[in-house]
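Student: Residue-level listing of the chains:
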Amino acid sequence: MSIASNTPSAFRRTGRRRAAFQEKLVKRIFFLCALVSVLTTLGILGTLLNEAIKFFLDVPVWSFLTGTQWSPLFSPPYQSFGVLPLVAGTLLITTVAAAVALPVGLATAIFLSEYAPERVRKTIKPILEVLAGIPTVVYGFFALTFVTPMLQKVLPELLVFNALSAGLVMGLMIVPMVSSLSEDAMLAVPRSLREAAYALGATRIQVSLRVVVPAALSGIVAAFILALSRAIGETMLVTIAAGATPKLTLNPMESIQTMTAYIVQVSLGEAVHGSLEFRTIFAVGFLLFIMTLVMNVLGYFVVRRWREKY
Amino acid sequence: MAEVAEIAINVKNLNVWYGSFQALKDINLEVEKNQVTALIGPSGCGKSTLLRCFNRMNELIPGARVGGQVMFAGTNLYDASVDPTEIRSRIGMVFQKPNPFPKSIYQNVAFGLKVNGYQGNVDEAVERSLRRAALWEEVKDRLGTSAFKLSGGQQQRLCIARALAVEPEIVLMDEPASALDPIATLAIEDLIRELAPEVTIIIVTHNMQQAARVSDYTAFLMVSEERSGYLVEYGPTSQIFTNPKEERTEAYITGRFS
Numbered sequence: 001m002s003i004a005s006n007t008p009s010a011f012r013r014t015g016r017r018r019a020a021f022q023e024k025l026v027k028r029i030f031f032l033c034a035l036v037s038v039l040t041t042l043g044i045l046g047t048l049l050n051e052a053i054k055f056f057l058d059v060p061v062w063s064f065l066t067g068t069q070w071s072p073l074f075s076p077p078y079q080s081f082g083v084l085p086l087v088a089g090t091l092l093i094t095t096v097a098a099a100v101a102l103p104v105g106l107a108t109a110i111f112l113s114e115y116a117p118e119r120v121r122k123t124i125k126p127i128l129e130v131l132a133g134i135p136t137v138v139y140g141f142f143a144l145t146f147v148t149p150m151l152q153k154v155l156p157e158l159l160v161f162n163a164l165s166a167g168l169v170m171g172l173m174i175v176p177m178v179s180s181l182s183e184d185a186m187l188a189v190p191r192s193l194r195e196a197a198y199a200l201g202a203t204r205i206q207v208s209l210r211v212v213v214p215a216a217l218s219g220i221v222a223a224f225i226l227a228l229s230r231a232i233g234e235t236m237l238v239t240i241a242a243g244a245t246p247k248l249t250l251n252p253m254e255s256i257q258t259m260t261a262y263i264v265q266v267s268l269g270e271a272v273h274g275s276l277e278f279r280t281i282f283a284v285g286f287l288l289f290i291m292t293l294v295m296n297v298l299g300y301f302v303v304r305r306w307r308e309k310y
Numbered sequence: 311m312a313e314v315a316e317i318a319i320n321v322k323n324l325n326v327w328y329g330s331f332q333a334l335k336d337i338n339l340e341v342e343k344n345q346v347t348a349l350i351g352p353s354g355c356g357k358s359t360l361l362r363c364f365n366r367m368n369e370l371i372p373g374a375r376v377g378g379q380v381m382f383a384g385t386n387l388y389d390a391s392v393d394p395t396e397i398r399s400r401i402g403m404v405f406q407k408p409n410p411f412p413k414s415i416y417q418n419v420a421f422g423l424k425v426n427g428y429q430g431n432v433d434e435a436v437e438r439s440l441r442r443a444a445l446w447e448e449v450k451d452r453l454g455t456s457a458f459k460l461s462g463g464q465q466q467r468l469c470i471a472r473a474l475a476v477e478p479e480i481v482l483m484d485e486p487a488s489a490l491d492p493i494a495t496l497a498i499e500d501l502i503r504e505l506a507p508e509v510t511i512i513i514v515t516h517n518m519q520q521a522a523r524v525s526d527y528t529a530f531l532m533v534s535e536e537r538s539g540y541l542v543e544y545g546p547t548s549q550i551f552t553n554p555k556e557e558r559t560e561a562y563i564t565g566r567f568s
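Residue numbers (this note's numbering), protein chains in the order written: chain A, 1 to 310; chain B, 311 to 568.
Since the hints were made in silico from the structure, they are not lab data.
Be aware that a few hints might be false.
[As the list claims (entries may be wrong)] To be clear about the criterion: a stretch of chain A counts as covered by chain B if any three or more of its residues have a C-beta under 8 Å from a C-beta of chain B, and this derived list gives those stretches:
hint, stretch
1, 196-203
2, 207-220
[As the list claims (entries may be wrong)] Per the computed footprint, the stretches of chain B lying under chain A, defined by three or more beta-carbons under 8 Å from a beta-carbon of chain A, are:
hint, stretch
3, 362-373
4, 469-479
[What the hints assert, rightly or not] Listing some non-contacts, in silico: residues in chain A with all C-beta distances to chain B over 10 Å:
hint, residue
5, ARG16
6, ARG18
7, GLU23
8, LYS27
9, LEU39
10, GLU51
11, VAL61
12, VAL130
13, VAL137
14, ARG230
15, PHE278
16, VAL294
17, VAL297
18, ARG305
Computed from a prediction, not measured in an experiment: that's the story for all the values here.
From the three backbone atoms N, C-alpha and C, an ideal C-beta is built for every residue, glycine too.
Based on the sequences and whatever the hints tell you, model everything.
Tutor: Written as structure tokens, this is what we have:
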């Protein structure tokens, strides 16, 4: 302060006051931008809850969660609100996708971080990122018009709409997510740990699997969980390729319906606005929200528990 | 020297490049078996690079090239037929900063045994190695706890135990005490002296007193105008420190430059 008061009038105080005002204004604007996403989340949650509660006034929560028959669009004697077939369909697709994406994604990440020379890495990474940017509707048609016919040559009894093909392609779709995030975690493992292992006579694969992967495990698990939440919530691909027949089955050869695909079906106008049938989508949507939320929270704790700190 | 000493490592016309930069120039050196040899010299003289030539760690750095020979047990380490992982299980290394794995104390020592397919009793080998590294008494009741719970000096002794577990003939040490306090440093130095009769130790150090205290032989390296490292003088430590042949050695040792 004393320095400022001793300095002659080369500084214009009005200018400084304006800068302070600008600073305040900018801070406000940034805060409002941050607020937008928070308010949106709250708004979505509010709408979901509001409509879901109205739904559960008519259909008991328990019969919704444990019912094995999903036929809300049928007329009353055959109408049934058991959500399990949709949950089973969703988990079936997610399982198939995970069976593809986790090993392939992890292997890709290990290759990129431990084996690939700099030049190869710089070529493959952007290609993977392009893969992540393809619209999901394209993946849907890829599954329906390319993968399914190909699978039918090997498995003749495979239906046109089936969980297997949609799950496999979903797996390919989330590989970049798994590999990119896992690789980031592996690159963050200090070089000194790799050197320690090499200096003991470890081979490259031993260094990768016994040192780098365990040390990066928290990041890898986080990548898995994010990718799986993505698979659970994915809509377009399964709507196009997996079918629209809610069925409580674990057989990936069959046509099924996922929670998201059901929401699309009803949103496209199969039920009257405001009717009980229409409200099912909010109940299903709310359950979907809970499922991904649980995944993310679970991921958070798993990561904290398993962390190999370095 | 009265008797003919056994040679552990014989370096012949060794040259090392990183890309187009020559880091080491025409190094010739005979390292004696079961003795402590210190590599000293100013920063950037290539001491660590030379050390890393002995277990082929340099090739993990992209662009590194090695010319010349490093003879060990009758073979040139840089022969096309030599498997670097086998070399590294026979020539161990301890690094500047303690770098235990983020695993338990036990798992750290057992790591080298596992990757080398050790057939014997792992528990016994772990205990033996920890005893040799003078760490057993301090950790025997908490082998399952994380290595990161140990102090810096203990971590470094754990790294020494980890290196000893695979029973190497040579242990390379790259400024093993530079990150430690004086008491932990003394513990490491005592340990080096205790190990010497059974294991050949080559140690890079910045600390002249340390070289004088722990080593039997000393090699003094310097940096040329082109920034390449070269060997100035090599001989018994007592001679290097009391009666160096080269004036540059004397200047460095008496602290006229560093």
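Student: Next, verify each hint and record whether it holds.
Tutor: Evaluation of the provided hints:
1. 196-203: holds (count 8)
2. 207-220: This one holds; 4 residues, not fewer than the three required, reach chain B with a Cβ under 8 Å.
3. 362-373: Per the Cβ count (4), the hint holds.
4. 469-479: Answer holds; 4 residues pass the 8 Å Cβ test.
5. ARG16: 48 Å, holds
6. ARG18: Label holds. Min Cβ-Cβ 51 Å, cutoff 10 Å.
7. GLU23: The assertion about GLU23 of chain A holds, with a minimum of 43 Å to chain B.
8. LYS27: The assertion about LYS27 of chain A holds, with a minimum of 40 Å to chain B.
9. LEU39: 41 Å, holds
10. GLU51: About 48 Å separates GLU51 of chain A from the closest Cβ of chain B, which puts it past 10 Å; holds.
11. VAL61: Label holds. Min Cβ-Cβ 44 Å, cutoff 10 Å.
12. VAL130: Correct as stated: the minimum Cβ-Cβ distance to chain B is 26 Å, above 10 Å.
13. VAL137: 42 Å, holds
14. ARG230: Correct as stated: the minimum Cβ-Cβ distance to chain B is 29 Å, above 10 Å.
15. PHE278: 53 Å, holds
16. VAL294: 28 Å, holds
17. VAL297: 25 Å, holds
18. ARG305: ARG305 of chain A is indeed farther than 10 Å from all Cβ atoms of chain B, at 14 Å.
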